[in-house]
Every structure is written in structure tokens, then in C-alpha cells.
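As they're listed, the protein sequences go chains P and A. Residues in the first sequence are numbered consecutively from 2, following my numbering. Residues in the second sequence are numbered consecutively from 2, following my numbering.
Hints are computed from structural coordinates only; laboratory data are not their basis. Small disclaimer: the values here were computed from a predicted structure and weren't measured. All C-beta atoms in this analysis are idealised placements derived from N, C-alpha and C, irrespective of residue type, glycine included. Be aware that a few hints might be false.
Claimed, not checked - Sample of chain A residues at the chain P side, in silico, Cβ under 10 Å:
#: 1; residue: Ala74
#: 2; residue: Asp75
#: 3; residue: Ala77
#: 4; residue: Lys79
#: 5; residue: Trp147
#: 6; residue: Gly180
#: 7; residue: Arg218
#: 8; residue: Asn252
#: 9; residue: Asn254
#: 10; residue: Ile255
#: 11; residue: Phe264
2 protein chains.
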Amino acid sequence: MRHTEDFYPSRIGPGRGIIERIDPVIYTDIQHQPEDLSGKLKFFEENGYVIFDQLFLPEEVSRYHAELERLLADDALKNRDETIREPASNEIRSIFSVHTLNALFTSLSRDKRILDVVEAIIGSKVYIHQSRLNFKPGFEGKEFYWHSDFETWHVEDGMPRMRAVSCSIALSDNYVFNGSLMVIPGSHRYYVTCEGTTPKEHYKQSLKKQEYGTPDRQTLEWLVERNGIEVFTGRAGSVIFFDCNTMHGSNGNITPLSRSNAFFVYNSIENTLTDPYAGIAPRPEYIASRNFEPIAPQV
Amino acid sequence: MRHTEDFYPSRIGPGRGIIERIDPVIYTDIQHQPEDLSGKLKFFEENGYVIFDQLFLPEEVSRYHAELERLLADDALKNRDETIREPASNEIRSIFSVHTLNALFTSLSRDKRILDVVEAIIGSKVYIHQSRLNFKPGFEGKEFYWHSDFETWHVEDGMPRMRAVSCSIALSDNYVFNGSLMVIPGSHRYYVTCEGTTPKEHYKQSLKKQEYGTPDRQTLEWLVERNGIEVFTGRAGSVIFFDCNTMHGSNGNITPLSRSNAFFVYNSIENTLTDPYAGIAPRPEYIASRNFEPIAPQV
Chain P
2 MRHTEDFYPS RIGPGRGIIE RIDPVIYTDI QHQPEDLSGK LKFFEENGYV IFDQLFLPEE
62 VSRYHAELER LLADDALKNR DETIREPASN EIRSIFSVHT LNALFTSLSR DKRILDVVEA
122 IIGSKVYIHQ SRLNFKPGFE GKEFYWHSDF ETWHVEDGMP RMRAVSCSIA LSDNYVFNGS
182 LMVIPGSHRY YVTCEGTTPK EHYKQSLKKQ EYGTPDRQTL EWLVERNGIE VFTGRAGSVI
242 FFDCNTMHGS NGNITPLSRS NAFFVYNSIE NTLTDPYAGI APRPEYIASR NFEPIAPQV
Chain A
2 MRHTEDFYPS RIGPGRGIIE RIDPVIYTDI QHQPEDLSGK LKFFEENGYV IFDQLFLPEE
62 VSRYHAELER LLADDALKNR DETIREPASN EIRSIFSVHT LNALFTSLSR DKRILDVVEA
122 IIGSKVYIHQ SRLNFKPGFE GKEFYWHSDF ETWHVEDGMP RMRAVSCSIA LSDNYVFNGS
182 LMVIPGSHRY YVTCEGTTPK EHYKQSLKKQ EYGTPDRQTL EWLVERNGIE VFTGRAGSVI
242 FFDCNTMHGS NGNITPLSRS NAFFVYNSIE NTLTDPYAGI APRPEYIASR NFEPIAPQV
């Protein structure tokens, strides 16, 4: 499907700049939500993220973590497209589309505790735009540079508007020192347009190291000066929801403590993908799903 | 001067292991120190480090920081041996022996507030074994892998026993997320012997990236399981003292916030250098001083 207008142009040449967000952050009436949720939504609206401490019980986390370990060691997965490996060691670092590949993670992706928050933010039924398991090893965990996911999803996947939310479920303890996710509070209100254009099949590189669609240093400084940086810490089972346009990244990790998480992106069924705004071919289904079937909560 | 016995052998072949420390941590009677100091010394004895929050006033820090900026930009320093530059960008990352090169940092190295703590730990007059200014840029700050300084000072410099203390003075704010120093509490009680041997002129590489004298992963896991990891955070002007054998390192830094510090190593005049235990030529004076003249506090 072609689009009529591009509200969030990026990578359209040498220019760069900041566009104020034109979309809502919360698509429901916060006042009418249950009291414990409305406080969380208010925080999300202001900061572009919110953390739920130990939303999952230790015994649930153990089950998911054991399944992750099993998948990382699964030879059948090693050569699948969905699997991103470390160039040097060949070890698995991410498994994409895990909500379609594995029954246990399918059910996690539809967990009612997650979907209640997601639907309260998005204000409609949702489908899963992307999912993955991430494993960041100790001693040699690599950094992941600052980026807004929406910038990529818009330019490379054709997501029209900001009406998607990411959810990262910690499957191991997150400390300040083991490469945990960092977010810039308030950054979700500003769309940082990036320089350059998008090469064909950019995703084959960008999943390992992003070179296009990275914000400039001056803008990052400006964003951090306003509101600082928040680190997602907490015991395994804790969950962070963050807006599709929240600027985030993570430092490397020399500590012995590895980190793993399950990551799901929910998009509104009223915000389904069009042609990529970069004029390139769409990315594969396992990175940017075009199965827009709404999902239902599973208790 | 030749040595008779090596109490802390390391890099003597394929073997590796852990040797319990045979030296005291605090060389004075803690009970007889002033009350505010004795609490700090007790903490140091147990953990191998201690932090003094904002030991220096903001106006003092501003002066030192301005001098650091001036030195980083000083073309006369760019090609000196004391200066360690980034291979890619050629920018200065460290200036060694700054206590001999620059009057302001000479006086900082003798500041009474520093020396009072140092002498209470070491229990004798001290001299400066090594000093440097460090500048870790934002966005691209590199990690520094775990190591015990004493292992290197013993093997490569011939420091016989554990009776030296490092002091890092933060010249910018240290956050949990901008690559601040991490220490493993309690690690000072264990000497981790390392595999391999020491190549000639190893220091030319090791100041940028250490490949020999790095502890094995299993031992690091064991140390961290016991006591975790502590991050040195605090406003500019805060100071950490840590034992010569405390295991430490730092993660990279993708945040916009750069970090700089002044670093001084004090060794007891009763523990002066002998021949390097690795049987190699001594490292240059600006890295491992053989000027054992005791220094006097300066108020």
C-alpha cells in the first residue's frame, strides 16, 4: 500500500533535525483506567517508558529462562534466518520471531499482564510487529548505540505513525553494570531525523551494528541535558514498556553477569505497515511482520 | 637489585590459580586514627577500596578540570612518550607522570587530604609510583578489562609486596552509566596469577589494551559471586582509594557524558622496586618511577 504523506521523514539526504511528535503517547483516557494502572500510564506519558518490578514470578522466569537456554543450544536454530549469531564465536545472540517459533514464548507474548498495559497505551487491538529473544553474554557483551526504533520501523518497514510499544521482559537480573537497557526520558516527544539514505538489505548489517538511522551527537546531548538517562535495573521477571520513539541503547558488559530478555513489539491494528518510506523492499516477515491479525490476551 | 624470593609469582607459564594475600591491608593501627578516618579505614580493610564523597570543592575541581582541558589540547604534549593517544582519532586519552610535568597536578598529588589517607593505609612515608590524567570521551568510550594493578607492577616493575594504594580523583561527575570505575569488593585478599609470559616492551600495547596479565573468567566469576561489584559514582571532586591488588575495570560509554580523572599511585618507601619479576627490562620512568624520594603533604 502506498502512503499519501510522510509525517516523519528521515534519511532523505544530508539534512537532519528534530520534529515534534504529532501523535498521542497514550491512546486511552488515563483517568478511566484502574488506579494502579493510571499512575503507571501517567509516568509513561511523561517519560516514554515505565517499569513494572517483578511482574513475573521467579518460577515463571525460571521456565522461560530454561527454554531460552535450550533454544540457544539448539542446532536446528543455528542456521535459520531468524537467528543472529556473533561473527567471531558463531554463538547465538538473538532469535527473531520467537512468538511464532516457540509455543512457550507465544503464550508469553499474549500474557494478560502484558497485554492489559499494552492495550491501555495503544487504545485498540494490537498485533505483534516484531519479537525476539536476546542474549548478551558476560565478559564481552557488546554495546548497542542509541536509536529510536520508530525511525527504523517507519523508514524501513513503512509503519505510518507512532502507535506501537516495546516490551522487554528481563529473564536475568539487570544491574547498572551489566549492559542493561538505557533510555532517555522524554525523548519520545521528539523525532530525530537522521542523515543519509538507506542501502538495500540494510537489515542484514543493522541487526548487528547500526550505521544508518543513528541520531547525531548534538541532538543526543540535547536530549540528555534535558532529562538525563535512566537504566532499566531489577530482578529477573521485571518488565519495561517503552514507546516506539523513545531513544535507547546499552553499554557493553565486561562483568561476568550475562543478560537475557524476551522482547515483543506491539503495534495498533489501526497503524499497520505500508510500503517502507525509504522506497526499499520490505524487510523479511521475521523482522517486520505483515500478519496484522489482532492477538487476544491469554490468562 | 635482585630479589631473593617471589611471593606472588604470575605469568610463569600455563598454570594459573589464586594465592591468598600474605601482606596486611592497613599498615597502621586503625583504632588509633581519628574517628572519622578509622571508619573509612575499616571499610577499606574489608573491601579493598573506600570512597570520599566530594573531598574536593567544586571551585578546586574547576581549576583542575580547566588545566586538564588545556593539556589535552596542548600540541607540545601530543608527541611525548607520556601521552597515550587513541589510535583512530589521535586524540589524547592519558597523560602519564603528570605529577612531574605540571605544577598544578604536582600540588594535587601532595594534597594533605589525600596523603593523610594514604599514609594511614601504608603506615610509612610514600613516593609516587605512577600518575596520570585520564580522559574517557562520551559516545565512544572504550571498556577497560578487569585487572589487578599489583600483578602488573610486581611482574613488570618489580614491586615486591602489596603496600601501595591507588587514588582516583573524579574531575567530572561519575554516573553508573558513563563507564565509571568498577571494583570487586574483597578481591584485594586474593592474588590471581595469570597465564602466559610477558613479551618485551609489553607496556607499549598494554596501556591501550591489556592482553597479558588478565585474570581468567572462572576466577572473576568466583570473586564476583562472593561480593558483587561496586561502581564508583559521585560528583566531580569525589575520590576513591583502592588497594594495589583490588580487581577493577570499566565498561565502555555510549552516553554523551565524558569522564576524566587524575590518578596517583602511592607506594611505601619500604617497598621500593627491584628488578621486574618477569625478567624483562624495567618499564620507563614515566610509567614506573624509580625516584623513591618520599613526598611531603602540602596544605
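(message) Quick check on the hint: Trp147(A) CB to chain P CB, less than 10 Å?
(response) Result: holds, 6 Å to nearest chain P Cβ.
(request) Go through the hint on Phe264(A) and say holds or violated, using the shortest Cβ distance to chain P against 10 Å. (result) violated (19 Å)
(request) Grab the minimum C-beta distance from Asn252(A) to chain P and call the hint holds if it beats 10 Å, violated otherwise. (result) Status holds, d = 5 Å.
(request) Could you check if Gly180(A) really has its C-beta closer than 10 Å to a C-beta on chain P? (result) Hint on Gly180(A): holds, closest Cβ of chain P at ~7 Å, below 10 Å.
(request) With a cut-off of 10 Å on the beta carbons, see whether Arg218(A) makes it to chain P. (result) At 6 Å from the nearest chain P Cβ, Arg218(A) passes the 10 Å test, so the hint holds.
(request) Grab the minimum C-beta distance from Asn254(A) to chain P and call the hint holds if it beats 10 Å, violated otherwise. (result) This interface hint holds because 6 Å falls under the 10 Å limit.
(request) So, Ile255(A) near chain P? Judge it on the closest CB pair being under 10 Å. (result) With a minimum Cβ separation of about 5 Å from chain P (threshold 10 Å), the hint on Ile255(A) holds.
(message) So, as I understand it, the hint says Ala77(A) touches chain P; can you test that by seeing if any CB pair is closer than 10 Å?
(response) violated (28 Å)
(request) With a cut-off of 10 Å on the beta carbons, see whether Asp75(A) makes it to chain P. (result) Status violated, d = 24 Å.
(request) Using 10 Å as the Cβ threshold, decide whether Ala74(A) counts as touching chain P. (result) violated (19 Å)
(request) Hold the hint about Lys79(A) up to the distance rule: shortest CB distance to chain P must be less than 10 Å. (result) Violated, about 23 Å.
In summary, the structure is inconsistent with hints 1, 2, 3, 4 and 11 from the numbered list given earlier, while agreeing with the others.
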